[in-house]
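So the protein sequences, as listed, match chains A and B. Letter by letter, the first sequence follows residues 21 to 131 in the working numbering. Letter by letter, the second sequence follows residues 904 to 1018 in the working numbering.
Wrong hints could be hidden among the right ones.
Straight-line distance between alpha carbons at most 30 Å, and here's what the computed DSSO-like set of lysine-lysine pairs gives [stated by the list, open to error]: (1) B/K906 x B/K916; (2) B/K958 x B/K921; (3) B/K906 x A/K76; (4) A/K90 x B/K960; (5) B/K906 x A/K79; (6) A/K77 x B/K906.
Since the hints were derived computationally from the structure, they do not count as laboratory data. Computed from a prediction, not measured in an experiment: that's the story for all the values here.
The primary structure of each chain is shown beneath.
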Amino acid sequence: TQLLEQSPQFLSIQEGENLTVYCNSSSVFSSLQWYRQEPGEGPVLLVTVVTGGEVKKLKRLTFQFGDARKDSSLHITAAQPGDTGLYLCAGPSGSARQLTFGSGTQLTVLP
Amino acid sequence: DVKVTQSSRYLVKRTGEKVFLECVQDMDHENMFWYRQDPGLGLRLIYFSYDVKMKEKGDIPEGYSVSREKKERFSLILESASTNQTSMYLCASSFLRGGSKNIQYFGAGTRLSVL
Chain A
21 TQLLEQSPQF LSIQEGENLT VYCNSSSVFS SLQWYRQEPG EGPVLLVTVV
71 TGGEVKKLKR LTFQFGDARK DSSLHITAAQ PGDTGLYLCA GPSGSARQLT
121 FGSGTQLTVL P
Chain B
904 DVKVTQSSRY LVKRTGEKVF LECVQDMDHE NMFWYRQDPG LGLRLIYFSY
954 DVKMKEKGDI PEGYSVSREK KERFSLILES ASTNQTSMYL CASSFLRGGS
1004 KNIQYFGAGT RLSVL
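Same shape as in the complex, but just chain A:
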């Protein structure tokens, strides 16, 4: 079973600060996804990274896939209260139709 470990588990910051959360594995993944789950809702896909070393930007969010495709990071610049939520990384597993999810990083951005 391929495992994904996320850190930190909890993060509470002030509005305007920058932050980085991490998703690590001892296994190689063909791709990794990042989802965000807001309170009372299900997770929603933010981005998929496919190529080792790839960097994708989504407004103030920057996603990076490690060169060896074993890890990924999410950097948020100038965080806003609307960024509050649970951030989950996920990678293909089993028949590749399934996903393995990390345990998540709970981010709280205080106004």
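Could you slot chain B onto chain A? The hints should help.
Okay, now just chain B, sitting in the frame of chain A:
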């Protein structure tokens, strides 16, 4: 937009009751999944289905069963609910192909409390 609808947002049941959680998707997705979400444990796969009347066990199937009689509907059944099944349950669906195109669309979740 893809819509995955779970029949209940909140449920309170008694120990030993039979519980049905319903999930419907409107995008003709082949794959459907049931997860439970507990603090610090992420999403753990209970069961999934690739086709009508087809089911596969996930990582934690004990105490659960599923039914998929129609492509759009996937039901999770707790035959005899126990307190350790108190959790958030999430349903998801996706298209048949996997790999990097494997985007899962989630319902809003059902928070189940077993007393």
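How the hints compare with the structure:
1. B/K906 x B/K916: The hint holds at about 27 Å.
2. B/K958 x B/K921: 20 Å, holds
3. B/K906 x A/K76: 26 Å, holds
4. A/K90 x B/K960: 26 Å, holds
5. B/K906 x A/K79: Judged against 30 Å, a Cα distance of about 25 Å means the pair holds.
6. A/K77 x B/K906: Status holds; Cα separation ~26 Å.
When the structure is compared with the earlier hints, no violation turns up for any of them.
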